[in-house]
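**Student:** Each chain is listed here by its residues.
2 protein chains.
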Amino acid sequence: MAEAGVLYGVGLGPGDPGLITRRAAALIEGAGVIAYPCLAGGASFARSIAAELIPAGAREIRIDVPMTRDRAPAQAAYDAGSAEIADMLEAGADVVALCEGDPLFYGSFMYLQARLAARFRVEIVPGVTSMTACAALAGLPLAARDGVVTVLPATLPDGTLRDRMSGAETVVLMKLGRHLPRIRELLADEGLTGRAHYVARAGLANAACLPLAEAPPVAPYFSMILVARESDPWL
Amino acid sequence: MAEAGVLYGVGLGPGDPGLITRRAAALIEGAGVIAYPCLAGGASFARSIAAELIPAGAREIRIDVPMTRDRAPAQAAYDAGSAEIADMLEAGADVVALCEGDPLFYGSFMYLQARLAARFRVEIVPGVTSMTACAALAGLPLAARDGVVTVLPATLPDGTLRDRMSGAETVVLMKLGRHLPRIRELLADEGLTGRAHYVARAGLANAACLPLAEAPPVAPYFSMILVARESDPWL
Chain P
1 MAEAGVLYGV GLGPGDPGLI TRRAAALIEG AGVIAYPCLA GGASFARSIA
51 AELIPAGARE IRIDVPMTRD RAPAQAAYDA GSAEIADMLE AGADVVALCE
101 GDPLFYGSFM YLQARLAARF RVEIVPGVTS MTACAALAGL PLAARDGVVT
151 VLPATLPDGT LRDRMSGAET VVLMKLGRHL PRIRELLADE GLTGRAHYVA
201 RAGLANAACL PLAEAPPVAP YFSMILVARE SDPWL
Chain A
1001 MAEAGVLYGV GLGPGDPGLI TRRAAALIEG AGVIAYPCLA GGASFARSIA
1051 AELIPAGARE IRIDVPMTRD RAPAQAAYDA GSAEIADMLE AGADVVALCE
1101 GDPLFYGSFM YLQARLAARF RVEIVPGVTS MTACAALAGL PLAARDGVVT
1151 VLPATLPDGT LRDRMSGAET VVLMKLGRHL PRIRELLADE GLTGRAHYVA
1201 RAGLANAACL PLAEAPPVAP YFSMILVARE SDPWL
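Chains as they are written, first to last, in our numbering: chain P, 1 to 235; chain A, 1001 to 1235.
Please note that a few of the clues may not be correct.
In silico DMTMM-like links for lysine to aspartate or glutamate, alpha-carbon gap of 25 Å or less [said to hold, decoys possible]: (1) Lys-175/P <-> Glu-1090/A; (2) Lys-1175/A <-> Glu-169/P; (3) Lys-1175/A <-> Glu-230/P; (4) Lys-175/P <-> Asp-1146/A; (5) Lys-175/P <-> Glu-214/P; (6) Lys-1175/A <-> Asp-146/P.
Interface residues of chain P toward chain A, partial, derived using beta-carbon atoms under 8 Å [stated by the list, open to error]: (7) Gly-13; (8) Gly-18; (9) Ile-20; (10) Arg-22; (11) Asp-87; (12) Pro-103; (13) Phe-105; (14) Tyr-106; (15) Ala-117; (16) Thr-129; (17) Ala-136; (18) Gly-139; (19) Ala-143; (20) Pro-153; (21) Leu-156; (22) Thr-193.
Keep in mind the hints are simulated off the structure, nothing from the lab. Ideal Cβ placement from N, Cα and C applies to all residues, glycine included.
Assemble the whole structure, with the sequences as input and the hints as a guide.
**Tutor:** Next comes the structure, spelled out in structure tokens:
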């Protein structure tokens, strides 16, 4: 019986193929089997980032993840994808699972890891997060010296967000999208609008970076708000 | 008069040259002038990460940063380094400034940006942070779905650390080094030892990854503690 293959969880960075690491690029270029999440029946952002590196003959495992409020369909999709990946690994093939951003920082790879890490060898290749890519685009320090960074999904309820932002220094609000109007009000209430910057699609050609006060009324899914620290006297 | 050059602030990732991005690698390979911080009179970790990519003929600007408690000598070193970089930029040469990890996430590049961004065009290339590299090595999710991440330098006073850790989910304690004994006690007091993992030198050949309870008594400068979230029912 063949030795089982290795599952590689590969971070691709925020969208610009130039922000793929050399290790990730080498794994993709050498891959016999790749796996990636797709919007059910639609495109895969992860695959689009890596497209130019994927070998022509590679076998591709699509994981169609429905974006429903009920989590059961998405979990079933990851169950099915994991079963298909497990078959490949058991047959001795390595599998390269593509993941936007970093695999373990709000990354889709965690759903595969949770299902497969007990049975197979897993190696994770970290990637550039959208958080630091947005900071780079905005030219805003996230933290220096003894600075504190708090990362909050905008999907959390108002009360939780208020509690976590209270007294915080740098705040990163991820997963902004349709929550922009609510977050805008909340930041205004907390007196943080002046320190808040809106960044959308960092690393993509149509990126945007504006003070929150000038942000459009509607935000795309790939957008965030950075609440910068007051200026740092040590810099 | 020549048009001024561009200052590139290039993140190199946590130490493994494989975790350099393709964009960063291309900029370094094409650089006429590179700049990097060194321990005063000693080695440069940033330069060592990128060493194989640096062109033989490149001019190198060393910024000797003294590790003193008083910040004035380090600030004087960045003043002098910035002046040397400014001369190059004014003469029309681009300068590639190397930075461990990500330039804006506890990165040294911020000291150059603060001095030069008003006068010159600056482009920042984000890098893989030690935070996600440590998570990858440990196989520990930092955050999924609506998870919150709090990043705290271990250099902060006990009271501040306690306040910030109270009720937090994932906690990342950066800049551990000589603070390990104090942080170990603090986590024990807060009942967090069981969720705490020690990771040292992620991305280097001599990396270590252990439950905190099994960590050595003394930690190297490049080490951190990840306090993982309770298991996530959605994974």
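**Student:** With reference to the structure, classify each hint as holding or not holding.
**Tutor:** Hint check:
1. Lys-175/P <-> Glu-1090/A: This hinted pair is violated, its Cα atoms lying about 41 Å apart.
2. Lys-1175/A <-> Glu-169/P: Distance of about 18 Å is within 25 Å: holds.
3. Lys-1175/A <-> Glu-230/P: 22 Å, holds
4. Lys-175/P <-> Asp-1146/A: It holds: about 9 Å lies between the C-alpha atoms, which stays within 25 Å.
5. Lys-175/P <-> Glu-214/P: 19 Å, holds
6. Lys-1175/A <-> Asp-146/P: Cα-Cα ~9 Å, so holds.
7. Gly-13: Status holds, d = 7 Å.
8. Gly-18: 3 Å, holds
9. Ile-20: Holds, about 6 Å.
10. Arg-22: Holds - the Cβ of Arg-22/P comes within 8 Å of chain A, reaching about 5 Å at its closest.
11. Asp-87: 21 Å, violated
12. Pro-103: Given a least distance of 7 Å, the restraint on Pro-103/P holds.
13. Phe-105: Cβ of Phe-105/P sits 5 Å from chain A, so the hint holds.
14. Tyr-106: 5 Å, holds
15. Ala-117: Hint holds; Ala-117/P Cβ to chain A Cβ min 6 Å, cut 8 Å.
16. Thr-129: The hint holds - Thr-129/P has a Cβ within 8 Å of chain A, the shortest such distance being about 6 Å.
17. Ala-136: Ala-136/P check passes; min Cβ-Cβ to chain A is 4 Å, inside 8 Å.
18. Gly-139: Gly-139/P check passes; min Cβ-Cβ to chain A is 7 Å, inside 8 Å.
19. Ala-143: 5 Å, holds
20. Pro-153: Status holds, d = 5 Å.
21. Leu-156: 5 Å, holds
22. Thr-193: 21 Å, violated
In the structure shown, a violation is registered for the earlier hints numbered 1, 11 and 22, in ascending order.
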